[in-house]
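Put the two chains together into one complex; each comes in its own frame, and the hints tell you how they fit.
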Amino acid sequence: MIKNHILGIDDLGKSGIEDILALSDHFYEVNTRRIPKVPALRGKTIALLFYEDSTRTRLSFETASKRLSADSLNFSIGSSSVKKGESLRDTIETISAMGVDAIVVRHGSSGVPWLLQRWTDAAVINAGDGSHEHPTQALLDCYTIRKNLGELDGKRITIVGDIKHSRVARSNVKAFLALGASVTLVGPKTLMPFNTEDWGVETTDKFDSVIGDSDVLYMLRMQLERQQKSFVPSLREYAKEYGLSDRRAQSMKPESLIMHPGPMNRGVEISSNIKEHPKSVVNNQVANGVIVRMSALYYLLGSGSVTKLEGLNDE
Amino acid sequence: MSELLLQGGRVIDKSGDRLADVLIDSKGRIAEIGKGLKGRETLDVQGKIVSSGFVDLNAYLGGPEDQLSETITSGAESAVKGGYTAVVAISKNPVVADNASSVKTLIELSREASCEIIVAGSATLHNDAGTMSPLGEISETGVRLFSASGPPLTDFETTRRIMEYSQKYKITLLYSCSNSFLSPKGAMNEGAVSSRLGIPGIPTVAEEIEVFQLSQLALLTGASLHLQQISTAKSIEIISEAKSNGALITCEVSPHHISLDESLITSFDARYKVLPPLRSKQELTRIKEHMTSVDAIATGHSPCQDHLKHQAYTEAPFGTIGLETALGASIKYLDIPLEEILRLISWSPAEIAGIGETHGGDLVPGRPANLTVFDPEATWVVKGNQAASKCSVTAFEDIELKGLVSHTLVDGELVVIDGVVQNHER
Numbered sequence: 001m002i003k004n005h006i007l008g009i010d011d012l013g014k015s016g017i018e019d020i021l022a023l024s025d026h027f028y029e030v031n032t033r034r035i036p037k038v039p040a041l042r043g044k045t046i047a048l049l050f051y052e053d054s055t056r057t058r059l060s061f062e063t064a065s066k067r068l069s070a071d072s073l074n075f076s077i078g079s080s081s082v083k084k085g086e087s088l089r090d091t092i093e094t095i096s097a098m099g100v101d102a103i104v105v106r107h108g109s110s111g112v113p114w115l116l117q118r119w120t121d122a123a124v125i126n127a128g129d130g131s132h133e134h135p136t137q138a139l140l141d142c143y144t145i146r147k148n149l150g151e152l153d154g155k156r157i158t159i160v161g162d163i164k165h166s167r168v169a170r171s172n173v174k175a176f177l178a179l180g181a182s183v184t185l186v187g188p189k190t191l192m193p194f195n196t197e198d199w200g201v202e203t204t205d206k207f208d209s210v211i212g213d214s215d216v217l218y219m220l221r222m223q224l225e226r227q228q229k230s231f232v233p234s235l236r237e238y239a240k241e242y243g244l245s246d247r248r249a250q251s252m253k254p255e256s257l258i259m260h261p262g263p264m265n266r267g268v269e270i271s272s273n274i275k276e277h278p279k280s281v282v283n284n285q286v287a288n289g290v291i292v293r294m295s296a297l298y299y300l301l302g303s304g305s306v307t308k309l310e311g312l313n314d315e
Numbered sequence: 316m317s318e319l320l321l322q323g324g325r326v327i328d329k330s331g332d333r334l335a336d337v338l339i340d341s342k343g344r345i346a347e348i349g350k351g352l353k354g355r356e357t358l359d360v361q362g363k364i365v366s367s368g369f370v371d372l373n374a375y376l377g378g379p380e381d382q383l384s385e386t387i388t389s390g391a392e393s394a395v396k397g398g399y400t401a402v403v404a405i406s407k408n409p410v411v412a413d414n415a416s417s418v419k420t421l422i423e424l425s426r427e428a429s430c431e432i433i434v435a436g437s438a439t440l441h442n443d444a445g446t447m448s449p450l451g452e453i454s455e456t457g458v459r460l461f462s463a464s465g466p467p468l469t470d471f472e473t474t475r476r477i478m479e480y481s482q483k484y485k486i487t488l489l490y491s492c493s494n495s496f497l498s499p500k501g502a503m504n505e506g507a508v509s510s511r512l513g514i515p516g517i518p519t520v521a522e523e524i525e526v527f528q529l530s531q532l533a534l535l536t537g538a539s540l541h542l543q544q545i546s547t548a549k550s551i552e553i554i555s556e557a558k559s560n561g562a563l564i565t566c567e568v569s570p571h572h573i574s575l576d577e578s579l580i581t582s583f584d585a586r587y588k589v590l591p592p593l594r595s596k597q598e599l600t601r602i603k604e605h606m607t608s609v610d611a612i613a614t615g616h617s618p619c620q621d622h623l624k625h626q627a628y629t630e631a632p633f634g635t636i637g638l639e640t641a642l643g644a645s646i647k648y649l650d651i652p653l654e655e656i657l658r659l660i661s662w663s664p665a666e667i668a669g670i671g672e673t674h675g676g677d678l679v680p681g682r683p684a685n686l687t688v689f690d691p692e693a694t695w696v697v698k699g700n701q702a703a704s705k706c707s708v709t710a711f712e713d714i715e716l717k718g719l720v721s722h723t724l725v726d727g728e729l730v731v732i733d734g735v736v737q738n739h740e741r
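If you read the protein sequences in the order shown, they are chains U and A. If you're matching positions, the first sequence starts at 1 in this note's numbering and goes up one per residue. If you're matching positions, the second sequence starts at 316 in this note's numbering and goes up one per residue.
Since the hints were derived computationally from the structure, they do not count as laboratory data. Here the structure is a predicted model, which is why all the values come from computation and not from measurement. Please note that the accuracy of each hint is not assured.
Mimicking DSSO-like on lysine-lysine, the simulated pairs with C-alpha atoms at most 30 angstroms apart in a straight line are [claimed, not checked]:
id	chain 1	residue 1	chain 2	residue 2
1	A	Lys500	U	Lys189
2	U	Lys189	U	Lys275
3	A	Lys500	U	Lys206
4	A	Lys596	U	Lys189
5	A	Lys350	A	Lys717
6	A	Lys647	A	Lys717
7	A	Lys329	A	Lys603
8	U	Lys189	A	Lys549
9	U	Lys206	U	Lys240
10	A	Lys407	A	Lys549
11	A	Lys342	A	Lys353
12	A	Lys500	A	Lys407
13	A	Lys407	U	Lys229
14	U	Lys229	A	Lys500
15	U	Lys240	A	Lys483
16	A	Lys485	A	Lys549
Chain A on its own, in the form it takes in the complex (with noise of 0.2 angstroms):
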């Protein structure tokens, strides 16, 4: 690697929004920031931003347990294309991460990714989701992020007890918040759209419900939390309340709930089936007026065959691609300034991460560089066939969004060149 020089750039970290080249040495670290600085070699980045790399909380890659929908390799293609450093691989099926041998496994693979990969580990066992599996013996693999929604949200008992044996481990536990117990079959938000289609509907208490409980339980054990996908403006008073009142609770909200609403789905195409599901418009409406209060935007990129959906829609299964398209999705529906975009898509995810050291936060230099280019005025039309995700189905189908990727680089490496993803050797 030589010493590669980001010139002329809009840089934009925690510190300030200033115009300044980036150097980086041939260690892959940021050499100096400033202006008139000269590199061996030059990328002319004029009218672009330069930014801390992405960091996504939620991300299904697939990999051993699911090849088919997506591997490791083609994961970290699509989260470097959307300007994504590192990912957060959570596993949908336990059994690859409920013990420290297969949690080493997954680390091992993740090491030839394009990006970097945080294995999250399982909280509970494969086999018996009201277990908690050997959260000690898997914390000394590094993995500090654990897939805690095993249990029904009925088994208190055992929800409770993984918040109070992991505090030991310093670890954060993660919990999707759409519980089935109230819409058994919901595929759909309940409202006046899914009375219509004749949808089963899924209403927007069950969430809050759960968390509420969840924000509870965070309070009387002292656990740490981050809730996932969350999908109501209410859920999000919850969270706040619970935060001011000492718990450590944080959240995600994903790039389609503030941008897509429910009656897309009078289409019937499966493609806007997610879980929680796209929320009616004015909830659309009340959930931008709480990002403040949100911690961070995350995919929940949900890959999977793409014949898979292209079923009737309440038998097509949940779940979207999302790595690439949520800068532009984000910057195009949420009307903040840049500045909070990139606190909810890269400085404040790389922080309940925990690799703040190495993502998001200040550009500094001696800091390795991971960094995105962007143009933030660049407007694009999201076409599935063209992701770098092995699944082509998306939400944002024929959509036109705002915001789009140039350059990635991950520890100074340029893994994204004007777009494409390139050949990668670690």
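Same shape as in the complex, but just chain U (with noise of 0.2 angstroms):
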């Protein structure tokens, strides 16, 4: 298989999506395994460039990578370097003289991946560029619904909080509806993006209006700043209309999901014991993520097909 990058949804397809999702399976049993780790991409080096603070999604894609016997290269940025006068474009060109295979980067300005692939020949992966996409995210959330619920053709999805500033809800909103399902987007005007007319989905203010239909209940990640600048006027007042308390975790679905990007923020969009909730599947998602990271690494850079994978074997 030939395939160049991973930068947003769009870019995989629907046939991407399911390709990924597919070699998820194969290395979900890698990772049951007691030594859970494959030669699969062994003398390849993979740059972790980080421009953005990112514990997690680094730590996964190192996770994945070490699980694949790549060697991964670990390049924290802060955006000082442009200051030091050294342009992004100067920055990707020196790491790819270092001859990587892949480049995985978080930057907080939206559009980076697309720059960096004009810039590099190494494969490059999008762990979340400003506010636009996630696509890693967005695939093993898809995979923790489809372990959880089975296909999502035909699932009712709705993703409440703040909708304009979050990489999460866009690539999700992508991925979810190429999937099949349908999306309802919740929270304040203030939080929700400017225009979604072209987006497919449905809006609402009215939080408690979907809960008893929804599937999944995806939570995001409150800002807290977000108070200061006045997109909601107190984070008790954000909580007791879009947070996900008990009262409104009883009156669910009975076969349903509450799932979350982390880091969460207990007590705001989720209220302090949801996380332990029968429903909610958010350390399952933390364990999906290396799992369908490792299947996007091995998407760029194995050798053979999905059908036929190499280098699984153990050593």
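Here it is as structure tokens:
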């Protein structure tokens, strides 16, 4: 398979998503082994280029690389390199010149992975760009839903919170729709994107009206500084209107899931013990994150096909 | 300088459009316009348009404040290559234009340039945007255009005082209407595309509110205003209404706002990051329908060091170069007669800049030969690395334009020959 990059969900398309989810079943099995490590990407070098702090996503990619026997290089670059006079392009060309096979990039500005792929021969994986996309999060969320509820086709998924600033929401909407689910976005108008007409979703500011119909309640992290910027009057009021309380959780359908991309603000978007709620698959998401990222790396750098994998036998 | 004859061109000026030769005397003045003229040196301009030189009302030429982005020399070379014979140089940093001695220095530096540079002053002090600069002292240097966007929009009182005080000196106040009060982090037009890309948006109403406020203050005070880089049709309607009520307001639109739209930003290439931002396709169409109410096309030429544009979109600075692409973009994207394009790019801005005696308007014997010769049918593909500007990042990269300058004459001197900027000694 010849795939160059994983930039956004639209570029992958339904078939790309399906391929990576299919690979994930194999890597799921690898992760159940006593020694969960395979030589699939031995000799490959993966640069983790994080312009924005993200312990979870970085660790997840690093773990995935190691389990595939790839060498990973960590670059934690503050945006200070801009001030030093080096452009993003200079940095990428420097790293490319070291001979890396893939660059996993996280950046606070929308579109950076799209710029990168013009400046490097390495495969580029978007680990989150601004408020734009976070495709591997969407893939791991699809995988988690599929594992727990079966196919996404026909499912009703409700995403709640700060949609406006959320790359998770943007990637998830595209991925959920591609797999046949319907999506409702919930939040105050201040935290909704200005225009969602062409998104193919329903929107509402009344959370309670959609809880009973939802197969998945996907709670987004509320950035605490949003309160200072007058997006919401207070976090208390936000929690009251849009937080997943125990009472709200009780009105959920029997076979339904609570999801959250982490890290969560307990007491804000979800009440303090919801993570441990029987419907919560939050820890599941984290575990699946490693699996799906192994699949994503293998999808770009591995040899063989989805049906005939190479390098999955123990060393 | 010897006598020069521009032979066989199509001369277009306010008085009409005719095939005629233009004879330029040894003092760099137009000696005669007519058929069958003879001159010592002859330049064949058959098939081309001979018009008054273009006048840009809004260019940032770097200069002493920012030599790495552009110098007055490189900026002027970029200007003449684009057919401009006069350029209004706007400072980004008021420190260089908020007092008479600094302005004198700028004027002095500009004398060496290959075209006329009209220095704009700053109407507020560098270290205190809420305080008026000495408009009287500065205007004694001959400056009559002042950037007045210093005070925040909410400081209506200072804005009003400046408008009132300015009138004694017959000056025109320049306002960029891109206040960020509705969108502190805004980096592109607000709408469906910004929502999809997750890039903070700048709504069109932000500009329209400011245009409305300024036009009402102009009516209240009677001041003369020029509004820069207008990017919405509604803004133009507000200005037209204020004009019909007696306000002394003019406005300009940039070549990129009549040609390029926000969809280009889906590439995340910072070359398309300009202020005001590229608007929607629909807005672009509406703007083009309002061009008869627009007073000038002005480039908003805004060079920066190239590497600053090789950053993430939201981190890169705003601005594109524009002096060399203005004619080509105007002819290609505006479906209007050449006379109307010349009104927007030469005649009307010359009046607004206060240089109507020497630039723009009618080509008559006795006037300095500030002329542009161009082929309105020539198509060419923009390559930023061929620009005369120090900056090579242009929003028009790889786009085919129509209309190309072949010769530019400043005070009778050929500063551009066959599209090539000449080594200049004045």
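Cross-check of the supplied hints:
{"no.": "1", "hint": "A/Lys500 x U/Lys189", "in the structure": "holds (19 angstroms)"}
{"no.": "2", "hint": "U/Lys189 x U/Lys275", "in the structure": "holds (27 angstroms)"}
{"no.": "3", "hint": "A/Lys500 x U/Lys206", "in the structure": "holds (29 angstroms)"}
{"no.": "4", "hint": "A/Lys596 x U/Lys189", "in the structure": "holds (26 angstroms)"}
{"no.": "5", "hint": "A/Lys350 x A/Lys717", "in the structure": "holds (28 angstroms)"}
{"no.": "6", "hint": "A/Lys647 x A/Lys717", "in the structure": "holds (5 angstroms)"}
{"no.": "7", "hint": "A/Lys329 x A/Lys603", "in the structure": "holds (22 angstroms)"}
{"no.": "8", "hint": "U/Lys189 x A/Lys549", "in the structure": "holds (25 angstroms)"}
{"no.": "9", "hint": "U/Lys206 x U/Lys240", "in the structure": "holds (12 angstroms)"}
{"no.": "10", "hint": "A/Lys407 x A/Lys549", "in the structure": "holds (27 angstroms)"}
{"no.": "11", "hint": "A/Lys342 x A/Lys353", "in the structure": "holds (17 angstroms)"}
{"no.": "12", "hint": "A/Lys500 x A/Lys407", "in the structure": "holds (19 angstroms)"}
{"no.": "13", "hint": "A/Lys407 x U/Lys229", "in the structure": "holds (29 angstroms)"}
{"no.": "14", "hint": "U/Lys229 x A/Lys500", "in the structure": "holds (12 angstroms)"}
{"no.": "15", "hint": "U/Lys240 x A/Lys483", "in the structure": "violated (60 angstroms)"}
{"no.": "16", "hint": "A/Lys485 x A/Lys549", "in the structure": "holds (29 angstroms)"}
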